[in-house]
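Asker: Given next are the chains, with one letter for each unit.
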Amino acid sequence: DVKVTQSSRYLVKRTGEKVFLECVQDMDHENMFWYRQDPGLGLRLIYFSYDVKMKEKGDIPEGYSVSREKKERFSLILESASTNQTSMYLCASTGTGYDGYTFGSGTRLTVV
Amino acid sequence: GENVEQHPSTLSVQEGDSAVIKCTYSDSASNYFPWYKQELGKRPQLIIDIRSNVGEKKDQRIAVTLNKTAKHFSLHITETQPEDSAVYFCAASNPNTGFQKLVFGTGTRLLVSP
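Chains as they are written, first to last, in our numbering: chain A, 262 to 373; chain B, 8 to 121.
One or more hints might be untrue.
What the hints assert, rightly or not - Result set (EDC-like, lysine to aspartate or glutamate): computed pairs, CA atoms no more than 20 angstroms apart in a straight line:
| id | chain 1 | residue 1 | chain 2 | residue 2 |
| --- | --- | --- | --- | --- |
| 1 | B | K44 | A | D299 |
| 2 | A | K264 | A | E283 |
| 3 | A | K318 | B | D91 |
| 4 | B | K75 | B | E9 |
| 5 | B | K44 | A | D360 |
| 6 | A | K314 | A | E278 |
| 7 | B | K49 | A | D299 |
As the list claims (entries may be wrong) - Reference excerpt, derived from the structure (chain B facing chain A, CB under 10 angstroms, subset only):
| id | residue |
| --- | --- |
| 8 | P15 |
| 9 | G23 |
| 10 | D24 |
| 11 | Y43 |
| 12 | F96 |
| 13 | K108 |
| 14 | F111 |
| 15 | G114 |
Hints listed in this document are in silico derivations from the structure and should not be mistaken for laboratory results. Beta carbons are placed, not taken as given, at the ideal position from N, Cα and C, and that holds for glycine.
Take the sequences, apply the hints, and build the full model.
Answerer: Following this line, the structure appears as structure tokens:
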């Protein structure tokens, strides 16, 4: 009954590559989020979207962009991957009420 | 913007002991405070949450308390078991920012020894 699916569990990319991380939810949620998780830093918000084609910057948007062409899909794009973007990336979604997030399983990205 | 601090960063207890994790937040307008548990290699999962109109909420062995005046909230786990070992994250949300955006603490690694 997986409800938020991230397309890749592990990725290894080279410096300078354009990287796409995909997230799909099947709960008809309006809000979707991308966080990165680093030891000692917790979860930091990169971007979020509250509707199709709508996006808002989070706390650490530099070097990232996002796309939401359909309600169920939210993509995170690393325009030119750098080694400091090596991290665990977590996608989450929630509806309009305060029901908490449902997280995806995460994508561990390594940039070499 | 909101800032959430979480302590301790690591916590080791013996099975059967209680564990307490504390968080403070900076934005007095925040009114929703969830706690997430992340087991090794797994996704964070919501275990309990509290809204600002209540001071305490319990669910079996876990409870959360909220002190709005002091701007802090705590997670209490009683009769800890080895399966409680995980990283726990607190979070806060200000409804005025819209979109149910959560600001997370830095996490507490709880280790319960048999």
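Asker: Work down the list of hints and note, for each, if the structure agrees.
Answerer: Each hint, compared with the structure:
{"no.": "1", "hint": "B:K44 to A:D299", "result": "16 angstroms, holds"}
{"no.": "2", "hint": "A:K264 to A:E283", "result": "14 angstroms, holds"}
{"no.": "3", "hint": "A:K318 to B:D91", "result": "34 angstroms, violated"}
{"no.": "4", "hint": "B:K75 to B:E9", "result": "14 angstroms, holds"}
{"no.": "5", "hint": "B:K44 to A:D360", "result": "16 angstroms, holds"}
{"no.": "6", "hint": "A:K314 to A:E278", "result": "24 angstroms, violated"}
{"no.": "7", "hint": "B:K49 to A:D299", "result": "15 angstroms, holds"}
{"no.": "8", "hint": "P15", "result": "12 angstroms, violated"}
{"no.": "9", "hint": "G23", "result": "29 angstroms, violated"}
{"no.": "10", "hint": "D24", "result": "25 angstroms, violated"}
{"no.": "11", "hint": "Y43", "result": "8 angstroms, holds"}
{"no.": "12", "hint": "F96", "result": "6 angstroms, holds"}
{"no.": "13", "hint": "K108", "result": "6 angstroms, holds"}
{"no.": "14", "hint": "F111", "result": "4 angstroms, holds"}
{"no.": "15", "hint": "G114", "result": "5 angstroms, holds"}
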